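Asks: Top line first, the protein sequences correspond to chains A and B.
For the first sequence, position 90 (counting from the first letter as 1) is numbered 90 according to this note's numbering, and the numbering increases by one without interruption.
Quick note, this note's numbering runs 236 ahead of the 1-based positions in the second sequence.
A couple of the hints might just be wrong.
With a cut-off of at most 27 Å between alpha-carbon atoms, the simulated DSSO-like pairs for lysine-lysine come out as follows [to be verified]:
1. B:LYS304 to A:LYS83
2. B:LYS429 to B:LYS343
3. B:LYS290 to A:LYS66
4. B:LYS441 to B:LYS284
5. B:LYS297 to A:LYS67
6. B:LYS295 to A:LYS49
7. A:LYS62 to B:LYS297
8. B:LYS295 to A:LYS62
9. A:LYS84 to B:LYS379
10. A:LYS62 to B:LYS290
11. A:LYS49 to B:LYS304
12. A:LYS56 to A:LYS84
13. A:LYS67 to B:LYS295
14. A:LYS162 to B:LYS429
15. B:LYS290 to A:LYS169
16. A:LYS67 to B:LYS290
17. B:LYS297 to A:LYS49
18. B:LYS335 to A:LYS66
19. B:LYS304 to A:LYS67
20. A:LYS66 to B:LYS304
21. A:LYS83 to A:LYS67
22. B:LYS297 to A:LYS83
23. B:LYS290 to A:LYS49
24. B:LYS429 to A:LYS169
25. A:LYS83 to B:LYS314
26. A:LYS169 to B:LYS297
27. A:LYS162 to B:LYS290
28. B:LYS304 to A:LYS62
29. B:LYS314 to A:LYS84
30. B:LYS304 to A:LYS56
31. B:LYS304 to A:LYS84
32. B:LYS295 to A:LYS56
33. A:LYS84 to B:LYS297
34. B:LYS295 to A:LYS169
35. B:LYS295 to A:LYS83
36. B:LYS284 to A:LYS49
37. A:LYS56 to A:LYS66
38. B:LYS314 to A:LYS67
Because the hints were derived from the structure by calculation, they are not lab data.
All values reported here derive from a predicted model rather than from experimental measurement.
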Amino acid sequence: MRNIIFFFLVLSIITGLLIGVQLKNSVSKIDLSAMGDLDILFLWREVEKSTEELQKENNGLKNEIKKLENEISFDEDTTALLKKREDLKTKAGFGTMIGTGLVVTLADSNQKVRERDDPYFYLIHDSYLRAVVNVLKSGGARGISIGSERLNIGSKITCVGKVIMVDGKRIAPPYEIKAIGDPVSLANIIRTSSFFRMLEHYRDNFGIQLGVKILPLIELPPSQESLNLELFEVLP
Amino acid sequence: MISKPNLTFIALCLFITTIFTVMLFKTRESIYREVGPTTTQEAVSYLKELNIKKEELHKEKESLELRKRQLSAAYVEKGEFIDLVNNEINKLEGYLGYKRVSGLGIKIVLESPEGYIVSVETILDLINDLWSSGAVAITINEKRVTWETYFELTEEDLLMNEMEINQPYLIEVIGPEDVIRGTMYMPGGFVEKMQLRGINVEITKNVPLDLPSRGD
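For reference, chain A alone in the conformation it holds in the complex (with noise of 0.2 Å):
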């Protein structure tokens, strides 16, 4: 008798024990607001709107500055010249792009992390998504947006903890890259591409999510950033 009445004493507590253990990993998270940093929340949360807001208003203007410079273009030379700011504002991604090519999309893994990994690999890192970009300009991507930011020749995609952010723009997953190009030229640059086949490993080997597919009709929005033409001066 003596002896069930240990079995059931070791029993309980090593049982207790794996519990405290688990319950104790679930309330590791910080969490801002637990942690009583809500002014700063609060505060990140204010400005954003009023980014916002902000672009909003901007959006506002171009829009009726395009409005009063189609009524001041009176006659055909004036419109060709402002096709022509159109077409080079498309190329530097402040303009809408409408055409062929697919879409690239990139999440983290479902999977639980084994024990002998890195969690690094089991995530869609700032990183991926700039070579993900490099692999669809080498294959003759026009326009390329991620989300829905439009990326212009200096756009920037970085990161704040695990926050993916283009253009200072937070992207949740799944990552959307969607480019505009020649679908058979970026289809085969990405079954060649070395970095696709070490994405494919991970998804493998991590459960990263990882597809591709081509899209026929490809709208991508103008980029939301300001188009910064001071600082240099054009040579002849």
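Based on these hints, arrange chain B on the given structure of chain A.
Replies: Quick look at chain B alone, frame taken from chain A:
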């Protein structure tokens, strides 16, 4: 007193214990990606980025309002308007790399004493940092970085648009020098990362630059 143990109960206990053991030793917590900052440090960094963006948008708003006022004036000189658009086209061609550009900026020289080839990731990282600190034109070994620019690494060389670029890598950048320099030298920034890999980074600022077009 404890009655004779029920075998089913013992089995159940063992079963639960086994599950927890497996969970603990075979897995860690599942990955959960936040779409907003989760720590104070992250929130501060994000806030900093947002404030830079907000400042840029304010500047853009000012110039857009000025443009609107000019266009809304009762009488717009046709010649004046065409000059304005032509000037913008000229600037856009410079920005896209179709034309040579000049301005003040910085020079960065990267060199590995052991002849280590800089990876594509490092170059993309550097260019990303330069754009994010306000660069308006960049060249690497006198070749202009444009929308069409891409990099590849072969066994022996780093290629830029399929052309070999060799050490020392000379990166010339037109843009706000102090901001660019500050970004390069920030803790955990590009210079620190390169030093950890044994790559020398030399930065010279306040340099008058004349950068070639993409065809040069």
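Asks: If a hint holds in the structure, say so; if it doesn't, say that too.
Replies: Hints versus structure:
1. Of the pairs offered as hints, the one joining LYS304 (chain B) and LYS83 (chain A) holds, with about 19 Å between alpha carbons and a cut-off of 27 Å not exceeded.
2. Between LYS429 (chain B) and LYS343 (chain B) the CA atoms are separated by roughly 18 Å; this keeps the pair inside 27 Å, and the hint holds.
3. Our distance criterion of 27 Å between C-alpha atoms is met by LYS290 (chain B) and LYS66 (chain A), whose separation comes to about 23 Å.
4. At roughly 24 Å between alpha-carbon atoms, LYS441 (chain B) and LYS284 (chain B) fall within 27 Å of each other, so this suggested pair holds.
5. Annotation: proposed proximity of LYS297 (chain B) to LYS67 (chain A) holds, straight-line Cα distance about 17 Å (limit 27 Å).
6. Restraint check: the Cα-Cα separation between LYS295 (chain B) and LYS49 (chain A) comes to about 18 Å, which is no more than 27 Å; the hinted pair holds.
7. With a C-alpha separation of about 9 Å, the suggested pairing of LYS62 (chain A) with LYS297 (chain B) holds against the 27 Å cut-off.
8. The straight-line distance between the Cα atoms of LYS295 (chain B) and LYS62 (chain A) is roughly 14 Å, inside the 27 Å bound, and the hint therefore holds.
9. For the given pair, LYS84 (chain A) sits about 26 Å from LYS379 (chain B) by alpha-carbon distance, which is consistent with the 27 Å threshold.
10. For the suggested pair LYS62 (chain A) and LYS290 (chain B), the alpha carbons sit about 17 Å apart, so the restraint of at most 27 Å is met.
11. Of the pairs offered as hints, the one joining LYS49 (chain A) and LYS304 (chain B) holds, with about 25 Å between alpha carbons and a cut-off of 27 Å not exceeded.
12. Note on LYS56 (chain A) and LYS84 (chain A): the hinted pairing holds, with a Cα-Cα distance of about 26 Å set against a maximum of 27 Å.
13. At most 27 Å may separate the alpha-carbon atoms for a hinted pair to count; LYS67 (chain A) and LYS295 (chain B) meet this at roughly 22 Å.
14. Distance check on the hinted pair: LYS162 (chain A) and LYS429 (chain B) sit about 20 Å apart at the alpha-carbon level, within 27 Å; holds.
15. Between LYS290 (chain B) and LYS169 (chain A) the alpha-carbon distance is near 11 Å, which keeps this suggested pair within the 27 Å criterion.
16. For the hint pairing LYS67 (chain A) with LYS290 (chain B), the CA-to-CA distance comes to about 26 Å; that is within 27 Å, so the pair holds.
17. Of the pairs offered as hints, the one joining LYS297 (chain B) and LYS49 (chain A) holds, with about 17 Å between alpha carbons and a cut-off of 27 Å not exceeded.
18. For a cut-off of 27 Å, the pair hint linking LYS335 (chain B) to LYS66 (chain A) stands: about 26 Å separates their Cα positions.
19. Only pairs whose Cα atoms come within 27 Å are accepted, and LYS304 (chain B) paired with LYS67 (chain A) is accepted, the gap being roughly 10 Å.
20. Between LYS66 (chain A) and LYS304 (chain B) the CA atoms are separated by roughly 9 Å; this keeps the pair inside 27 Å, and the hint holds.
21. With a C-alpha separation of about 14 Å, the suggested pair LYS83 (chain A) and LYS67 (chain A) falls inside the 27 Å cut-off, and the hint holds.
22. The hinted pair formed by LYS297 (chain B) and LYS83 (chain A) meets the criterion: a straight-line CA distance of about 23 Å does not exceed 27 Å.
23. For the proposed pair LYS290 (chain B) and LYS49 (chain A), the alpha carbon gap of about 10 Å is at most 27 Å, so the pair holds.
24. Our distance criterion of 27 Å between C-alpha atoms is met by LYS429 (chain B) and LYS169 (chain A), whose separation comes to about 25 Å.
25. With a C-alpha separation of about 17 Å, the suggested pairing of LYS83 (chain A) with LYS314 (chain B) holds against the 27 Å cut-off.
26. Restraint check: the Cα-Cα separation between LYS169 (chain A) and LYS297 (chain B) comes to about 18 Å, which is no more than 27 Å; the hinted pair holds.
27. For the proposed pair LYS162 (chain A) and LYS290 (chain B), the alpha carbon gap of about 22 Å is at most 27 Å, so the pair holds.
28. As the CA atoms of LYS304 (chain B) and LYS62 (chain A) are separated by approximately 9 Å, the hinted pair is consistent with the 27 Å bound.
29. A distance of roughly 17 Å separates the Cα atoms of LYS314 (chain B) and LYS84 (chain A); the hinted pair therefore holds under the 27 Å criterion.
30. Restraint check for LYS304 (chain B) and LYS56 (chain A): satisfied, since their Cα atoms lie roughly 16 Å apart, inside the 27 Å limit.
31. Simply put, LYS304 (chain B) and LYS84 (chain A) have alpha-carbon atoms about 20 Å apart, close enough for the 27 Å limit, and the pair holds.
32. With a C-alpha separation of about 14 Å, the suggested pair LYS295 (chain B) and LYS56 (chain A) falls inside the 27 Å cut-off, and the hint holds.
33. With a C-alpha separation of about 24 Å, the suggested pairing of LYS84 (chain A) with LYS297 (chain B) holds against the 27 Å cut-off.
34. Straight-line distance between C-alpha atoms of LYS295 (chain B) and LYS169 (chain A) comes to about 18 Å, which keeps the hinted pair within the 27 Å bound.
35. Distance restraint check for LYS295 (chain B) and LYS83 (chain A): the Cα-Cα separation of roughly 25 Å lies within the 27 Å cut-off, and the hinted pair is therefore satisfied.
36. For the given pair, LYS284 (chain B) sits about 15 Å from LYS49 (chain A) by alpha-carbon distance, which is consistent with the 27 Å threshold.
37. Proximity of LYS56 (chain A) to LYS66 (chain A) is assessed by CA-CA distance (about 15 Å); at most 27 Å being required, the pair is judged to hold.
38. Straight-line distance between C-alpha atoms of LYS314 (chain B) and LYS67 (chain A) comes to about 16 Å, which keeps the hinted pair within the 27 Å bound.
The structure meets every hint from the earlier list without exception.
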